[in-house]
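Asks: Just so you know, the sequences run in chain order A and B. Counting in our numbering, the first sequence runs from 29 upward without gaps. Counting in our numbering, the second sequence runs from 2 upward without gaps.
The set of hints was computed from the structure by calculation and includes no laboratory data. Some hints could be false.
[Said to hold, decoys possible] Here's a subset of chain A near chain B, in silico, CB distances under 10 Å, partners left out:
{"hint": "1", "residue": "Ile39"}
{"hint": "2", "residue": "Ala57"}
{"hint": "3", "residue": "Arg90"}
{"hint": "4", "residue": "Asn94"}
{"hint": "5", "residue": "Gln132"}
{"hint": "6", "residue": "Glu151"}
{"hint": "7", "residue": "Ala159"}
{"hint": "8", "residue": "Leu162"}
{"hint": "9", "residue": "Ala182"}
{"hint": "10", "residue": "Lys185"}
Here a beta-carbon is modelled for each residue, glycine too, at the ideal position from N, C-alpha and C.
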Amino acid sequence: MVSESAFLEQIRANQGIILKVVSLYAADAEEKKDLYQEILLQCWKGWAQFRGDSKFSTWLYRISLNTVLTSMRKKTKLVYQDELPETAEPVTNHIEQEDSQALQTAIRQLTDTDRAIILLHLEGYSNPEIAEWLGISSNGIAVKLYRIRQRLAALLKAPDHERTS
Amino acid sequence: MNEQAKWQDWKPEDDDLNQLLKPGSIQKLQPGHPLIKLTRGLRRNIIWSLLILIGYVMIMIIFPYWQVLLTLTITSAFTIYVVWGAWTLYRAIQTTTRNSTRPLLEELKLHHDEISAWGRIQIKLGIFVYPFAATGGYLCGGLARTGLTLDQLLERGRFVYLLPVVILVLVPLGYLASKWMFRRSFGKLLIQLKGLIDSLEDEQ
């Protein structure tokens, strides 16, 4: 017997995952609501099959990302720079100085798959784990992450980055 | 504090999500996921095709001329083939939508392949079924409208000459219409999925 109350309790305890994923992908308020519904439905359908082999948060992340990336979404505006500015400073410094809101704004300007990779990285998942999730090689993730961090550093360094979401 | 700690420290909240987490709300949610929409379309397609098949059988009983029997038998055979394809696809999508925890690349490819398969079914329908369906429909329409026998009808030059015109007009129209509808429903999504697949495979 599938218990709705147990399901909702688990979702409530981990709702930050859904909110973070949707905040990075939804183009507007209407799409945000649609994505919440879609993710909740997919989770509800898969809830009976959730055996607890992985943590609930991991399972929820996986369903949320898969659902968001396979849904028909409006195109979000990508305003990133192709040419990265020359910098001698370590790229992480800029990222570390920013608050999560600025970081979120910068991440929203990455491509869909790059957003998924950096999101999982920021949540503390290791490269092999991210690689397994996405179905690509661990080396591929390392290369991607390096490029993403460079791009984020450039975006965060840009004085007007907060206006480009 | 590094960026990971800051990110993990961020605890967003949203009333829209809280509303959906009230007891009973889950049961009322309407799916908008493209694959679920596609299964609905497939289900409708299968039901309509079966009803049309019954219609073909009735027409064959009413007009038992070999020409009508031939065109409608071929049309029925292709319709059964298309229904079988649609049913197989429907079952495959049901399995896909029940399990959203595959690796993302695999999930994206499955979605792309299953939606493209639906497009191929439409094209097969257009190329193989429509010429026979148009001929059968034209013959039956002529028989029903004039009340003549088929032999008498085929002696009318104008009726015979118009048949290829009907086929030449209706078949491309039907084909283009189904292709347009498919592109309108799933074209953007297919491009989006292909873009995601390519961007993930770039690093392979």
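Asks: Take the hints in turn and mark each one as holding or not.
Replies: These are the hints, each one checked on the structure:
Among the interface hints, the one on isoleucine 39/A holds; its C-beta lies about 6 Å from the nearest C-beta in chain B, closer than the 10 Å criterion. For alanine 57/A, the shortest C-beta to C-beta distance to chain B is roughly 8 Å, which falls under 10 Å, so the interface hint holds. At about 5 Å, the closest approach between the beta carbon of arginine 90/A and any beta carbon in chain B falls short of 10 Å, and the interface hint on this residue holds. Taking 10 Å as the C-beta contact cut-off toward chain B, the hint placing asparagine 94/A at the interface holds, the least distance being around 5 Å.
Checking glutamine 132/A against chain B: minimum C-beta separation of about 8 Å stays under 10 Å; hint holds. Taking 10 Å as the C-beta cut-off, the interface hint given for glutamate 151/A holds, the closest approach to chain B being about 7 Å. Proximity of alanine 159/A to chain B holds as hinted, the smallest CB-CB distance being about 9 Å (cut-off 10 Å). For leucine 162/A, the interface hint holds, since its Cβ comes within 10 Å of a Cβ in chain B; the closest pair sits about 5 Å apart.
Given hint, alanine 182/A at the interface with chain B, is violated; its Cβ is 15 Å from that chain's nearest Cβ, farther than 10 Å. A distance limit of 10 Å between C-beta atoms decides the matter here; for lysine 185/A the minimum to chain B is near 14 Å, and the interface restraint is violated.
This entry does not satisfy hints 9 and 10, going by the numbered hints stated previously.
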